[in-house]
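*Asks:* Listed below are the residues making up each chain.
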Amino acid sequence: MIRFEDVEVAFGDHRAVSQLNLEIQEGEFFTLLGPSGCGKTTALRALAGFVEPTGGRIHIAGRDVTRVPSEKRGVGMVFQNYALFPSMNVRDNIAFGLSVQKVPKAEQRRRVDEVAERTGLAAGQLDKHVSELSGGQQQRVAIARALALTPRILLLDEPLSNLDAKLRVQLREQLKQLQHEVGVTTVYVTHDQEEALTLSDRIAVLESGRLQQVGTPEEIYDRSATAFVCRFIGESNRLTPAVMDRLSGAGLDPSAESYIRPEKLHLVDAGEAADGTVTVDGTVAERTYHGSHSVYTIAVADATLRVSVPAGASGRRWEPGDAVRVSIDPRWVLQYPAA
Amino acid sequence: MTEPSRSPVPPPEAALPGDAGVLTGVAASDAPRRRRRPGGIRSMLRSPLAWVTSIVVIWFAAAFLVLPNAVLLGETFFPGGEFSLAAIEKLLGSERAMRTLGNSFLLAVTLSITVNVVGVFIVLVTQYFRVRGARLLWLGYATTLIYGGIVLAAGYNFIYGRFGFVTNLMANWWPDLDRDWFSGYFAVTFVMTFATTTNHMLFLSSSLAKVDYASIEAAKLMGASSWTILRRIVLPVMKPMLFAVTVLTFLIGLGALTAPLVLGGPDFQTVAPLIIDLSRSPVTRDIAALLAIVLGVATMILLAIMNRAEKSGVYFSVAKVATPIQKQPIRNPLANAIVHVLAYVLWVIYLIPVVLIVVFSFVDARSILAGAITLDSFTLDNYIAVFSSASALRPFLVSVVYSALAAVIVVGGLLFVARMLQKHRNAITTAIEYVLHIPWILPIVLIALGLVMAFDQPQAIVANVVLTGTPVLLLIAYISVKIPFTLRLLKAAFASVPDSLEDASRILGARSLTTFRRVLIPLVLPTAAAITALNFNSLLDDYDAAIFLYHPLYQPLGVAIQESTRGENNLDAMPITFVYTVLLMVIMGVTMYLVYGRGARAGSPRRRSRSA
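So the protein lines, in turn, are chains A and B.
Letter 173 of the first sequence, counting from 1, is numbered 173 in our numbering, and no numbers are missing.
Letter 286 of the second sequence, counting from 1, is numbered 286 in our numbering, and no numbers are missing.
The hints are simulated quantities; they were obtained by calculation from the structure and are not laboratory data.
Hints may contain errors.
As the list claims (entries may be wrong) - Each pair of labels, with its calculated beta carbon distance range:
{"no.": "1", "chain 1": "B", "residue 1": "R132", "chain 2": "A", "residue 2": "S131", "range": "34 to 42 Å"}
{"no.": "2", "chain 1": "A", "residue 1": "E286", "chain 2": "B", "residue 2": "G40", "range": "48 to 56 Å"}
{"no.": "3", "chain 1": "B", "residue 1": "R511", "chain 2": "A", "residue 2": "E286", "range": "45 to 53 Å"}
{"no.": "4", "chain 1": "B", "residue 1": "A335", "chain 2": "A", "residue 2": "G37", "range": "35 to 43 Å"}
{"no.": "5", "chain 1": "B", "residue 1": "N336", "chain 2": "A", "residue 2": "G27", "range": "38 to 46 Å"}
{"no.": "6", "chain 1": "B", "residue 1": "H551", "chain 2": "A", "residue 2": "S131", "range": "52 to 60 Å"}
{"no.": "7", "chain 1": "B", "residue 1": "N336", "chain 2": "A", "residue 2": "G37", "range": "34 to 42 Å"}
{"no.": "8", "chain 1": "A", "residue 1": "A122", "chain 2": "B", "residue 2": "L342", "range": "45 to 53 Å"}
{"no.": "9", "chain 1": "B", "residue 1": "Q326", "chain 2": "A", "residue 2": "P310", "range": "46 to 54 Å"}
{"no.": "10", "chain 1": "B", "residue 1": "R511", "chain 2": "A", "residue 2": "A122", "range": "22 to 30 Å"}
{"no.": "11", "chain 1": "B", "residue 1": "G412", "chain 2": "A", "residue 2": "G37", "range": "43 to 51 Å"}
{"no.": "12", "chain 1": "B", "residue 1": "M300", "chain 2": "A", "residue 2": "A165", "range": "48 to 56 Å"}
{"no.": "13", "chain 1": "B", "residue 1": "R511", "chain 2": "A", "residue 2": "A285", "range": "24 to 32 Å"}
Claimed, not checked - Straight-line Cα separation of at most 20 Å, DMTMM-like style, residue types lysine to aspartate or glutamate; simulated pairs:
{"no.": "14", "chain 1": "B", "residue 1": "K327", "chain 2": "A", "residue 2": "E71"}
{"no.": "15", "chain 1": "B", "residue 1": "K327", "chain 2": "A", "residue 2": "E52"}
{"no.": "16", "chain 1": "A", "residue 1": "K166", "chain 2": "A", "residue 2": "E181"}
{"no.": "17", "chain 1": "A", "residue 1": "K176", "chain 2": "A", "residue 2": "E71"}
{"no.": "18", "chain 1": "A", "residue 1": "K72", "chain 2": "A", "residue 2": "E26"}
{"no.": "19", "chain 1": "B", "residue 1": "K239", "chain 2": "A", "residue 2": "D92"}
{"no.": "20", "chain 1": "A", "residue 1": "K166", "chain 2": "A", "residue 2": "D127"}
{"no.": "21", "chain 1": "A", "residue 1": "K176", "chain 2": "A", "residue 2": "E158"}
{"no.": "22", "chain 1": "A", "residue 1": "K264", "chain 2": "A", "residue 2": "E286"}
As the list claims (entries may be wrong) - Which bits of chain A does chain B cover? Going by a derived footprint, with three or more residues having C-beta under 8 Å, they are:
{"no.": "23", "stretch": "84-91"}
{"no.": "24", "stretch": "95-105"}
The structure presented is a predicted model; accordingly, all values stated were derived computationally and were not measured.
For each residue, glycine too, the CB sits at the ideal point set by N, CA and C.
Kindly produce the complete structure, drawing on both the sequences and the hints.
*Replies:* What follows is the structure, encoded as structure tokens:
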């Protein structure tokens, strides 16, 4: 559906995106994820036609659109700040694209009503001024406006970043559901890894303009392709040489940069045996309570390991100073060539 | 009111021409949310500083803002203590007065159209469309920032007027030429149209900068054409400011003084020059006052409408973080070519007077009069004449001293007042604030006439000293007219200082005066300095107040320049006026650069110091 082919975008000396190769399938919810300045928004804007790549090609549905103006690409976009037209009411905002295309008034009305209903905008809100709406409602208007032209592709540029945490989670779910119903190919830009993991069919992680990994959320998380992805997504423990020594014989490369996620570690009482795994003895340095789970900081040999223990799993609980044993399953150790 | 270049009344939204943020750090509305301060009258009365400030400001306001207008109203409608409508009857019976009133309204309506057409066009070609040489164009259009009022009218007169260079030049070819071709309604409209686009340059540009670029991109993505985007997205956002500058333009036209005075000729006289004329004789002074009241009432009504319109409807960007605007290419090649040609034609119109004034300041008078300039005509004599003769330099020095004194006094005094108004919110301070805005809603002509009429007799409030005919009254007028602008900006500057700084100073044991002097003043000082410079600038070439109030021994520059435009007998003064104008342009240009030019650059010292 969408193909980036060696796409490069440079602003003067600065290369915002380099050698980007990507393929996005029809109907997919695809996320561009990375820290600020990684080039994700630039890649999205190149797809929208707002920035012209300095190299490479972009294809939509088999057609080279690299030099095609934005409005002829069949894409809709929801901007980070929504970009609602402040001089128009909600209905006029949503109908804008239709009126530009000279769609008959009655048809405009019908389609606005339809897309408003689909995006959860009450009929009473359509005649309101956009400034009278809350942030969440404004966001719905922005989505409705983008969908009114029934684009083949919907682009979303950090659409949830202006909202408070609770609303963000709520709208995230609705967004996913909406995308599922409409079936529109969606490209989503965010720096929020949790958002990316929960929403996406597939994720592309970018760093400094370069693509680090493309994969399903599970692949990205459990099988991070690079040390950057591993550190950027979720939490991880870097394993020190002393710990790696204990893991020798498990078929791991002791010289490689090695990581393991806190929830892949298990905590047992000191002296207790743990089958099929390697164990390291240590002492509880700290415990933080998170409701659904607790995170223990364990001092071992020359390092500390953070271990996530789900609440109520074993009913066991340790206090700072307790001697414990950390069991490590070598299968979950992520290794990368030393930098 | 009648200065063609600078509006007396900044639109409410833009306290300062251009970028208020440069001066004040944050606009008042962006000020950090503040705790409610204990602003009761009792707490205010406990502060000795507030006592002194209140007494001084209340005395000044009563004596020079309220009393003159009361006297003016009194003498118009209560001559000899009895209510009378005789002034109205006299006005209605005077064909000349009614005709000038009609002319003033005609000029106001005409300018509302012509200035908007030109103003919107120059803003779009310099800020919105991608036009080649936009920076150069901007510099040309911005020349009205550094010369206006009587200077500009005199400049046009010396170029296109009866004895102007262009007229002389044309007369060499067409001896039958009507030497007054550049006079009357057409000339006044032409000059004022190009002279008063300053408001568009400053205010409309800043409102265009507030358009969220993402909304333009969104419209593009939906297939909207450049024209549709301009019409349906960009212009609606600018609508309130467009309305505000239209009102200002209307008011400028209504109160026009210098352009009709110099270029109106016998056929096109307007109200303000007539008021000056009529005010000179005791017999007709009541009609002058009534005409000034008519101007004042019209001004107040229009400003009230402007305020109401501003409050209704939200047109500003709803985006929390607006994306900065980027210039739009004009895709249609024909439209693009037409826009470029028009932009440069206007540029030439704007630039001709400035260039010629600078050139003529180095040319001897005979060559200008002959309409033939050769290399031999160039000389430094005009400059030598101004700088070596005490009498030629005197008007310049008089204006510099007046402007500097007024600028420093008004900022120095209002630092205390603004602080008090901002710190203590109660009935007294609210009333003071309203009274201090009186000069904002009245034409200068009315203020000046009020002062003349109030102080040509002993008044107890100023210890029975007759002020009319003394050099002090003009200074008082200058201070008064600068109060509203200064107060608004200083208040915004104080509002942008976080409360915590003052609290910290107090908890460390500083008294309120120490806190004010050592903590607050240094923070608002850059703003105060900039306001002082702008006030100085705008008073330097003042004509409107000076013509009513100047002392014959201390003739200010504006009056001297106006006299040089009067008929053949004064033609010797013409080269000197060109020198004055060049000097004014240099001073104003430097001030504008210091206030805006440096600040406009990203990461200016002032901005940095604010964010630090």
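*Asks:* Does each hint fit the structure? Answer for all of them.
*Replies:* Here's how the hints hold up against the structure:
The supplied range of 34 to 42 Å is met by R132/B and S131/A, whose beta-carbon atoms lie about 37 Å from each other. Roughly 51 Å separates the CB atoms of E286/A and G40/B, a value that falls within the hinted 48 to 56 Å. For R511/B and E286/A, the Cβ-Cβ distance of about 49 Å falls inside the hinted range of 45 to 53 Å, so the restraint holds. The supplied range of 35 to 43 Å is met by A335/B and G37/A, whose beta-carbon atoms lie about 38 Å from each other.
A hinted range of 38 to 46 Å holds for the C-beta pair N336/B and G27/A, which are about 42 Å apart. The supplied range of 52 to 60 Å is met by H551/B and S131/A, whose beta-carbon atoms lie about 54 Å from each other. Between N336/B and G37/A the Cβ separation comes to about 36 Å, which falls inside the hinted range of 34 to 42 Å. Remark: the range hint 45 to 53 Å for A122/A to L342/B is upheld by a beta-carbon distance near 48 Å.
Here the CB-CB span from Q326/B to P310/A is close to 51 Å, well matched to the stated 46 to 54 Å. For R511/B and A122/A, the hinted distance range of 22 to 30 Å is not satisfied, since their beta carbons lie about 58 Å from each other. Range check, G412/B to G37/A: Cβ separation about 47 Å, and the 43 to 51 Å hint holds. For M300/B paired with A165/A, a C-beta distance near 50 Å keeps the hint of 48 to 56 Å intact.
Look at R511/B against A285/A: about 52 Å separates their beta carbons, and that is not inside 24 to 32 Å. A C-alpha spacing of about 18 Å is found between K327/B and E71/A, which places the hinted pair at or below 20 Å, so the restraint holds. A hinted pair counts as satisfied when its Cα atoms are at most 20 Å apart, and K327/B with E52/A qualifies at roughly 16 Å. Simply put, K166/A and E181/A have alpha-carbon atoms about 23 Å apart, too far for the 20 Å limit, and the pair is violated.
Note on K176/A and E71/A: the hinted pairing is violated, with a Cα-Cα distance of about 25 Å set against a maximum of 20 Å. Taking the CA atoms of K72/A and E26/A, the gap is about 18 Å. The hint holds against a cut of 20 Å. With a C-alpha separation of about 18 Å, the suggested pair K239/B and D92/A falls inside the 20 Å cut-off, and the hint holds. Between K166/A and D127/A, the direct Cα distance comes to roughly 27 Å. Violation of the 20 Å bound is thereby established for this hinted pair.
Taken as a hint, the K176/A and E158/A pair is honoured in the structure, with Cα atoms around 14 Å apart against an allowance of 20 Å. Between K264/A and E286/A the alpha-carbon distance is near 19 Å, which keeps this suggested pair within the 20 Å criterion. Check result for the stretch 84-91 of chain A against chain B: holds, 5 residues qualifying (beta carbon to beta carbon below 8 Å, three or more required). Only residues whose C-beta sits within less than 8 Å of a C-beta in chain B count toward coverage, and the stretch 95-105 of chain A has 4 of them, enough to reach three; the restraint holds.
Violated hints, in rising order: 10, 13, 16, 17 and 20; the structure is consistent with all others.
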